[in-house]
Each structure stands twice: as C-alpha cells, then as structure tokens.
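Q: As a plain string of letters, each chain reads:
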Amino acid sequence: MAVLLIAEVNGGTLSVDSTAKALTAAKQIGEVTVLCVGSGCTDAAQAAAKLDGVSKVLCAQSDAYGHDLAEPIADLIVSLSSNYTHIVAPSTSASKNILPRVAALLDVMIISEVTAVIDADTFERPIYAGNAIQTVKSSDQIKVATIRTSTFEASNEAGMAEVASIDACADPGLSEWVEDKVAASDRPELTSAGIVVSGGRGVGSEDDFKIIEGLADKLGAAVGASRAAVDSGYAPNDWQVGQTGKVVAPDLYVAVGISGAIQHLAGMKDSKVIVAINKDEEAPIFQVADFGLVADLFDAVPKLTDQIA
Amino acid sequence: MKVLVPVKRVIDYNVKVRVKADGSGVDLANVKMSMNPFDEIAVEQAIRLKEAGQAEEVIAVSIGVKQNQETLRTALAMGADRAILVVATEDVHTDIEPLAVAKILKAVIDEENPGIVLAGKQAIDNDMNATGQMLAALTGWSQATFVSELSVEGNSAVVTREVDGGLQTIKVTMPTIVTVDLRLNEPRYASLPNIMKAKKKPLDEKSAEDLGVDVTPRLKIESTGEPEARLAGIKVGSVEELVEKLKEVGAV
Numbered sequence: 001m002a003v004l005l006i007a008e009v010n011g012g013t014l015s016v017d018s019t020a021k022a023l024t025a026a027k028q029i030g031e032v033t034v035l036c037v038g039s040g041c042t043d044a045a046q047a048a049a050k051l052d053g054v055s056k057v058l059c060a061q062s063d064a065y066g067h068d069l070a071e072p073i074a075d076l077i078v079s080l081s082s083n084y085t086h087i088v089a090p091s092t093s094a095s096k097n098i099l100p101r102v103a104a105l106l107d108v109m110i111i112s113e114v115t116a117v118i119d120a121d122t123f124e125r126p127i128y129a130g131n132a133i134q135t136v137k138s139s140d141q142i143k144v145a146t147i148r149t150s151t152f153e154a155s156n157e158a159g160m161a162e163v164a165s166i167d168a169c170a171d172p173g174l175s176e177w178v179e180d181k182v183a184a185s186d187r188p189e190l191t192s193a194g195i196v197v198s199g200g201r202g203v204g205s206e207d208d209f210k211i212i213e214g215l216a217d218k219l220g221a222a223v224g225a226s227r228a229a230v231d232s233g234y235a236p237n238d239w240q241v242g243q244t245g246k247v248v249a250p251d252l253y254v255a256v257g258i259s260g261a262i263q264h265l266a267g268m269k270d271s272k273v274i275v276a277i278n279k280d281e282e283a284p285i286f287q288v289a290d291f292g293l294v295a296d297l298f299d300a301v302p303k304l305t306d307q308i309a
Numbered sequence: 001m002k003v004l005v006p007v008k009r010v011i012d013y014n015v016k017v018r019v020k021a022d023g024s025g026v027d028l029a030n031v032k033m034s035m036n037p038f039d040e041i042a043v044e045q046a047i048r049l050k051e052a053g054q055a056e057e058v059i060a061v062s063i064g065v066k067q068n069q070e071t072l073r074t075a076l077a078m079g080a081d082r083a084i085l086v087v088a089t090e091d092v093h094t095d096i097e098p099l100a101v102a103k104i105l106k107a108v109i110d111e112e113n114p115g116i117v118l119a120g121k122q123a124i125d126n127d128m129n130a131t132g133q134m135l136a137a138l139t140g141w142s143q144a145t146f147v148s149e150l151s152v153e154g155n156s157a158v159v160t161r162e163v164d165g166g167l168q169t170i171k172v173t174m175p176t177i178v179t180v181d182l183r184l185n186e187p188r189y190a191s192l193p194n195i196m197k198a199k200k201k202p203l204d205e206k207s208a209e210d211l212g213v214d215v216t217p218r219l220k221i222e223s224t225g226e227p228e229a230r231l232a233g234i235k236v237g238s239v240e241e242l243v244e245k246l247k248e249v250g251a252v
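Residue numbers (my numbering), protein chains in the order written: chain F, 1 to 309; chain A, 1 to 252.
Quick caveat, the hints were computed from the structure, so don't treat them as lab data. Being a predicted model, the structure only gives us computed values, none of them experimental. Don't take every hint at face value.
Claimed, not checked - Okay, derived cross-link-like pairs now, SDA-like style, lysine to any residue, Cα gap no bigger than 20 Å in a straight line:
id, chain 1, residue 1, chain 2, residue 2
1, A, K106, F, L106
2, A, K16, F, P284
3, F, K137, A, D214
4, A, K16, A, A229
5, F, K137, A, T94
6, F, K210, F, A183
To be verified - Here's a subset of chain A near chain F, in silico, CB distances under 10 Å, partners left out:
id, residue
7, V65
8, T224
9, A232
10, G250
Glycine included, every Cβ here is placed at the ideal spot set by N, Cα and C.
Bound-form chain A, shown alone (with noise of 0.2 Å):
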C-alpha cells in the first residue's frame, strides 16, 4: 500500500504574523516559512504505518509555489521515500483554496493509488479545515477527521475521532482519507544524516496544469485587517481585591 501524504508550506508557528498596512494581506516576504504542524503529524503516522510493515512507499506531496521543496525535502528527511511538487503559482502570497488543492490531489490519487491519504486537519494559515474532506467528496471515499488513534485492518481502518462531546471511534472502508488531530503522535526530528539523505530521494516537479487543474479562486479577497484590539485592564494586588472587582462588573 502507497501512502499519500499532502504537505503545507506555511509561516512558522513561532513567527509573529504582521497585516500588511493597505489591508493586502498578511506579510510572508522575508518570514520564515515550516511545514504545518498538522502535516507533520501526518508525516509522522505514515512513516509509522511503513514501519509496522502495513505501508510499502510513503508519497510526500505539496501544492504551491516553488519553495515548498524544502517543505519536501523535511519531510524526505523525517523518512518519506520520494516527493512530488506541484507548482500552482509563483507568488508566495497567493494562497491556493482547499478546493483546488482537493482536485489536484486528486489528480495525482489517479496517478498513484493509494491506499490511504494522511492530511493534516487543518493549515495555521488559512485555518480553513477543508482539505480532507474535499479530497474525499472528490474521490468518493469514506472519510476519517480530526483522528487521535488510528489502525489499519486489512480493507478498513478504525480511527478515533476528537469530537466536541470527547471521543468517537468509527470504521472506514479503505481507501480512506485521513486527517489527523494533534494527539495522534509526536513528529521525529529529522537527524543530520536522514537530512543529507534527503537530498538525493526523488523529487518530482509538475504544475497544476499538467494535472488539468483550473487554480482560479472562488472566493476573492477583498480585505485583510486586523482584528480589533483588546486592551489590557488592570492588575490587581490580592484575591480579595479581583473579587471585589469581578462583583462591581457584575461577573460573579
């Protein structure tokens, strides 16, 4: 069984975001782009499923502009076998929906069959929480989100999903797509030899239409502000001084 693994290029978690001043958007020239988080956790589970014998090629694939190749190669580095970019666009600022992403990840599934796709549930980015779900209308196959555990049996996989109430647990046919929650493992480092490794695996370089993808968006920014401010209150000396505040306000 292939695993198709799709990863994100996108501003690292620890950088500040700043909103450009002419509302255009948020600043990425010169900022320090990483792989998603949730990527990595997807990473992470399908090197684990090659390692258990249950997956024989792990795919790394990624949407974008050119530079996602360095999130390719972190992922080759952290034990996928081979890479595939396809460049939608050359601005980094341009931002590729979800739907979009959906039909060309569905267009390299035709390619390379498959039998699971682990996507991260979410990008920090656009926190749009699509992807999967789209790639799985598209494809027609069952889909298992914001998965915590996750065990392949033969022709289905039982996954527990992190629901608002607590957990559900549900079985999927396979082939299946799979987005994966923050408690499913914790991601490798990638070791300084699997790094210089990395640089010789394969990558595969195509554009969205060689796969006969239309990337046009569907919905047009208009603007990009930044949220209204909260402004900080007062410190308080002791409990009994926030006590008496919070009933002035009518909190308590």
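Bound-form chain F, shown alone (with noise of 0.2 Å):
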C-alpha cells in the first residue's frame, strides 16, 4: 500500500501536530509520502521529512498554492494519485476542502472524518454528531479520506526522509485569493492545545466572554465556545467546538456556562478530563464530566482563576 499524506501547511509553516497524527493514521496502511503545497514551502518539506515514518516528502510549491484554494490544488493531487492507494489528510478545514474534489475527480467516495483504520479498505467514521460509529469498507481503487486527529497520537521526530521537488500543475483559475481575516492570538491553536476552556450561552456576551478568557490565559489554554455562544454572537466562530465546528481532545476541557447540547458533546467528549461548571444541576454536560461544580459561573470562574498557581 502506497498512501500520500497532505501535509497542513499554514503561510509556509508545517502544521506539525495535525499532520503527525494523521501520520500516525496513515503508517497503518502502508508506506507515507508526505506532500507539502503552497507559495513557499521548503521549511514545511524539510520538518514533514524528520516525521517518524515518512519515507519521501513532496514539495510543490506556486504562487496558486498559498491559499488553500481547491481547484489547483485538487489539480495537483489528481495528478499525482497514480501513483498510490490511499490519499489522505489530516481533516481540516482545507483539507474538508479540497479532498471531496479531488475523490470526486477520480470518482471515488470520500471517507471522511476516519477515527480508527482497521485494515487498507475498512474504517470508522461518526455519523450523526458522533452518536454512532460507522464502519466502512470502501471498493474503491483509490481510497481518499481525511483524518480526524483528535483520535490519534502525534508521531515522533525521527530521521530524515527524501525531500523531491515536483512541478505544479496549471491552474485552472476558477478562484482567486482576496484576504484572510486571521485573529492575531498568542493563545495556542484551539486542536491541539493540551487545555481547552470554552464558553456556552450561559456566559450571557461578549463583554463577559472575557472571564472566559481570562481563566483559559491563566491555565495557557484555547478558547472555546459552544454553538450557541457562537450564534448568539458572544464568540468568533473559529471558536466554535461541535460537529459543525472543531473536534478537540485535550488533556483538560473546562466547559463553563455549557448545557452540552449533543452537537457539542460531539467536539470534545474525548478530552482526557472534563470539567464543567454550571448553575442548572440538571445539565446534560454532567453527564460527561469527571468534576461537576454546580454554580454561578460569575462566581466561581474569577474564583478559580485566582487559584490556579
């Protein structure tokens, strides 16, 4: 089995975390190359290549790629899948992207959102907000799936592999980049950071979504927020944790003023400890706490915030 592995590369920069663990995924089906898009992106190359497991890294690099835009992107992919049997990437929102078209220019199904590879052809997957696994076994010649990295362990560094420049392909310039709206942050990126405190409707607004914050900066924790916080306009929506937003599993998940819709349940019931706190005993959140603290989130927030060293 021969897997190509689409590295998360951000402005240049590998995304190490996400496209360790989908490595992780991906040496379970056979042997990884690793492949590195975007306007400049040797350093990526050069850190995918110390990967555990990877045995050559790809690097295609133009001016189309910077962006995440799908069409060239799915171009270029296409355009090297004769040489593997699987595809697959860590599942981001790029890669959510882009993989279904590339799976639909091969005409093959796309597997999203794999959670456990049980041999070459068959995965799990969660359906419905996570309430149920799927097992699948695809028939198709190419297997293109993205991975949800919460599910699987980081691979080490370890050695160097090959690193190959390739050609891009043309672009088909259907979509042109116009800018991105990035909030500057020195908090750590929401899926992977080892804490995670997240804000529900009860925190009441955005004025008061700062006590929210201020505990997460005490802890060196993410930001998180439920789709409620979310839709009420309380929190950003790169914040948002759930089936429609991102899926963590951090070491520590406070959730504060959250009831635990299943939707949100979804996005973070496999962090290694849950805390929640919230004034309404009866909350389905508790359900999946390890500590519950029934109380005014006003009160034992800031409270809390003073007593961690």
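Now that you have both chains on their own, put them together as the hints suggest.
A: Structure representation (structure tokens):
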C-alpha cells in the first residue's frame, strides 16, 4: 500500500501536530509519502521529512497554492494519484474543502473524519454528531480520506526522509484569494491545545466572555465556545467546538455555562479530563464531566482563576 | 439567473438518535424528519438573491425517498419557485452517498443551467461534508465552501469562508457551487398562507435511472455501533475542592 499524506501547511509552516497525527493513521495503512503544497514550503517539507515513518516528501510550490484554494490543489493531487492506493489528510478546513473535490475527480467516494483504521479498505467514522460509529469498507481503487486528528497520537520526530521538488500544475484560474482575517493570538491553537476552556450561552455576552479568556490565559489554554455562544455573537465561529465546528481532545477541557447539547459533546467528549461549571444541575454536560461544579459561573470562574497557581 | 438548492431530508436535529441493537444502522422508522438545518440556510439565501433581483428562479431539488416531497414542500413554502424530486431509493434507511448525489445534481444542472448552486455545507446525518465539493469537481466549476457572507457581482461572487484560523475572503468565477455555513443568515419560517400556496407549486418527480446515474454505494457499511459511553464523574462542592481534584489527577 502506498499512501500520499497531504500535509497541513499554513503560511509556509508545517502544522506539525495535525500532520503528525494523521501520519500515525497513514502508517497503519502503508508506506507514506508526504505532500507539502504552498507558495513557499521548503521549510514545511524539511519539517515533515523529520517525522517518524515518512519515506519521502514531495514539495510543490506555486503562487496558486498559497491560500488553500481547492481547484488548483485538487488538480495537483489528482496528477499524482496514479502512484498511490490512498490519499489522506488531517481533517482541517483546508482538507475538507479540497479532498472531496479530489475524490470526485477520481470518481471515488470520500471517507470523511476517519477515527480508526481497521485495514487498508476498512475504516471507522462517526455519524450523527458522534452518536453512532460506522464501520465502512471501500470498494474504490483509490481511497481518499480525511483523518480526525483528535483520535490519533502524534508521530515523533526521527530521521530524515528525502525531499523532492515537484512541478506545479496549471492553475485553472477559477478562484482567487482576496484576504484572510485571522485573529492574532498568543494562545495555543484550539485543536492541538493541551487545555481548552470553553464558554456557552450561559456566559451571557461578548464582554463577559473575558472571564473565560481570563481563566484560559491563566491555564495557558485555548478558548472554545459552544455553537449557542457563537450563534448569540458572544464568540467568533473559529472558536466553535462541536459537530459543525472543531473537534478537540485536550488533556483538560473546562466547559463553562455550556448545557451540553449533543452537537457540542461531539466535539469534546474524547477529552481526557472534563470539568463542567454550570448553575443548572440537570445540565447534560454533567453526564460526561469527570468533575462537575454546580455554581454561578460569574462567582466560580474568577475564583478558579485566582486559585490556580 | 436560476439558483439550484439541494435539500436533504434528515432526522430532526432535536431527535435523540438511536442505534439499532443489531448493528445494522440508526433507527429511522417513525422518527421525526426535517430539512437538514444547513440546507434551510441555503434555501433562505437563494430566496434573498431572488428578492434582491439577482436571481429569477429558485429551484429546490431533493434526492432520496418519495417522502422527500415533504422536505421540498417546506422549501417551496419558504419561497422556492419549484421543486424536483429524484427518487433514488425506496428505503428510508438507505443514505445515497455524496458522490452519487453529486452525479444526480450534475445531471439536473445539465438540464436546468443554473448560475449558482447553494448547498448546505454538511448533512447532520452522515456528517460527510462533501456533496458541494464533489459537484464542483464534476461540473468543473469553482467552489466556495463554508460560506458566511456572499455577494454576487456579475461574473463572479465574493465570499467569506469560515476557516480554521478565522475568515478567508475569496472571489470565485460564476457559475459556482457555494456551501453555506451557520452564520450566513437566519432562515425564515414558512407562514401558513405560504404553506398552503406551496401545495400548488410545481414538483417534478424523476428517478436516478431517468438521469442515468448509478447510485450503488462505494462504501459498504459493515456495521453501525454506539460510541463508547463516557461515564459521569463526581460533583464537587466548591472551587477549592475542584482545584484539589484537578491537582490530584495532574490536570493543572
């Protein structure tokens, strides 16, 4: 089996965590070649080459690849596909955009959000917001899959694989990048953070979200939010944890003022330790929390922030 | 310009999903079904394009079982002009895969020539997040996924996309496939008079065979199981106790 793993590259830098986790899944299938795509990605390719189990790194550079636009990158991946039995990527907003397009161009199904590799043809994936786990066996010649990173450990660094530059494909010119609005933050990235502090509708306003951020900063944590909090305008959508947002599995997840709707649980229930702070003792979040505190968050969260060394 | 809006009939998002004990799937018999919430947002956006004078006709299309008529009537009651039902299975438990759905939609596009397709980014049943992207591949059109702002300007559309780090704005060539995210709009409720009117709007029915599409699944579902249950822990009485417990388990 020959696996092409599409690395997650942002602004020329390898997202080591998500790529190394998807690599762990890819290694279970076969020999792994990593593809780095970007406007400049030699550094990313060098970083990917260090990951344990990578046999080769391909580096494709072009201005057309600088902003994760689906059409040119899908064409590139398709042009390489004949050498591989599997094409996989960590499940990120970029790969979720690109890989289904690749799959359809190859006339195969996409296998989204793989949580376990059973064998080269058979995979587990969650459906219904994680309320059921489906085992699917693909009959396609090439398997195209996105890997849910929260369920795989990251591969370590070891050794140095060969890096080869490859030619870019012609840009179909169907779309062009205009601008990115990325919130500058010193906080860790949500999907790879060791600790996540999330706020829900109970927080009550965008202003009051500051107490969530205060606790997060004290813990060196990323900040998350429930869909209800995002819908209410208390928090930006890229903080959303859940079925339609990000899926996280930190060592510690602190849910504040979050009732625990199914769609939120889908995004965090694989966290190692879950803490819930909610004034409603019947809130479903307590059914998954290791430690539940029934309290007014405006009282408890500042106290907690103070008491953590 | 015509707008094509694919809508999926899924288990209502408020219904607790039950996995069948024999591992054969999720129980959908006698369960409340509704339009996929993301598709409602797509229908709403299509109607707004028409209200803004940027589109002439909104066509809703649904692929699956005969009962999808109800979902299409909902779209018509919201304000779609007509509907197309493509019957691809008789069994409510058979989920037509995104690749087959995209092929059927491609065939509908070849007949209808819309200028834009507005689709939900993800169906809340199979959580695949794929149909729009696959349709863009089959048509060779541009794609704009996870869209929270859309403005159509002549031969192109400027969209803001919800991406991992924040927001990305791109400009795509028309015709295009747009998949919509939650914050694009708030879908309207259908009023009673509009629900009555919707019953008289045209609803064409075809089959997947009529359109020449083979819907045989590529992914064989071997089994469907319950996820590992997480056990509830303990309630602590105070912030002090919480901090103590967190220290005990080494979480802080």
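Q: Between K137 (chain F) and D214 (chain A), does the CA-CA distance stay at or below 20 Å?
A: With Cα atoms ~19 Å apart, K137 (chain F) and D214 (chain A) stay inside 20 Å; holds.
Q: Closer than 10 Å between Cβ atoms is the bar; does V65 (chain A) clear it against chain F? Give me holds or violated.
A: For V65 (chain A), the interface hint is violated, since the closest Cβ of chain F sits about 18 Å away, which is over 10 Å.
Q: Does the interface hint hold: is A232 (chain A) within less than 10 Å of chain F, judged Cβ to Cβ?
A: Holds, because the Cβ-Cβ distance from A232 (chain A) to chain F comes to roughly 5 Å (cut-off 10 Å).
Q: Between K16 (chain A) and A229 (chain A), is the straight-line Cα distance small enough, at 20 Å or below?
A: 15 Å, holds
Q: Per the CB criterion, is G250 (chain A) less than 10 Å away from chain F?
A: 9 Å, holds
Q: K210 (chain F) and A183 (chain F): Cα distance at most 20 Å?
A: Answer holds: K210 (chain F) to A183 (chain F) is near 16 Å, not above 20 Å.
Q: Under the criterion of a CB-CB separation shorter than 10 Å, is T224 (chain A) in contact with chain F as hinted?
A: It holds, given that the least Cβ distance between T224 (chain A) and chain F is near 5 Å, below 10 Å.
Q: So if I understand the rule, the pair passes when the alpha-carbon distance is 20 Å or less; does K137 (chain F) with T94 (chain A) pass?
A: It holds: about 16 Å lies between the C-alpha atoms, which stays within 20 Å.
Q: Check the hint pairing K106 (chain A) with L106 (chain F) against an upper bound of 20 Å on the C-alpha distance.
A: Holds - the C-alpha atoms of L106 (chain F) and K106 (chain A) are around 16 Å apart, at most 20 Å.
Q: Are the Cα atoms of K16 (chain A) and P284 (chain F) separated by 20 Å or less?
A: 13 Å, holds
Hint 7 from the earlier list is the only one contradicted by this structure; the remaining hints agree with it.
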